[in-house]
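Student: Sequence:
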Amino acid sequence: MADGTEKPIEDVKVGDLVLATEPETGVTTAKQVLTLIRHAGPHIMVDLTLSDGTVLNATDGHPIWDATTKTFTKAIDVPVGDKVLTAAGGTATITTKYVHGQDLTAYNLEIEGIHTYYAGNTPILVHNTCTTSQKILSDPKSLKGLTPKQIDDLARNAGYEILPGKATASNPATRYYSPGTKQAVGFRVLPEGVAGQPGIKGSAYLRYFGGPLDGQRVKLGAP
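Heads up: the sequence shown at position 6 corresponds to 6 in full-length UniProt numbering, and the numbers run straight through without jumps.
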């Protein structure tokens, strides 16, 4: 945490402050937790033993800052012998790597701004995988257990504007989350928009994000 204390990731709350580091500059600041993300089910897990004897348990695809190559690297691809960045400002060496399958609930944090945080018994720098929001929002099953506020935070962090309204899905590619439920967002994701761009539709409006139409709202006909 930003105050130097440690907390199990499942106990972290939205609004908590954690340490986040821009690895290329070394600048470390306190950043707010936007969302706690949960994925229950079978996972490929990677246990990385560090030179001080502690073990980091991570899902295979979770990016870890490899201080040897100076890149974010998937946990399963980090070589034994490479160094990782610790919250104390030093490095630790990966001495062993064990890959195995496990049925569990995996957690991730969505962090404002820098999108990094420290995890593990010897906290090391990991990325909060900023594509997580869009990936989760594309799969309604991943939203189970999240509150409407948490899903709204996911949507905003993925670049969406939350618009009021209720409609039905007009085609199989449309993702729709009904307001007032635990799967609530209150908008539909249109992966290709109406002009070949990603966008979102809420009520009778679509707002584009990215590309030449970024930020524009287009009035649409009823689905």
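If you're looking for bench data, these hints aren't it; they were derived computationally from the structure. Careful: at least some of the hints might be erroneous.
[As the list claims (entries may be wrong)] Here are the simulated distance ranges between beta carbons:
no., residue 1, residue 2, range
1, 17, 101, 16 to 26 angstroms
2, 81, 13, 31 to 41 angstroms
3, 113, 81, 24 to 34 angstroms
Virtual Cβ for every residue (Gly too), placed ideally from N, Cα, C.
Student: Looking at the structure, which of the earlier hints fail to hold?
Tutor: 1
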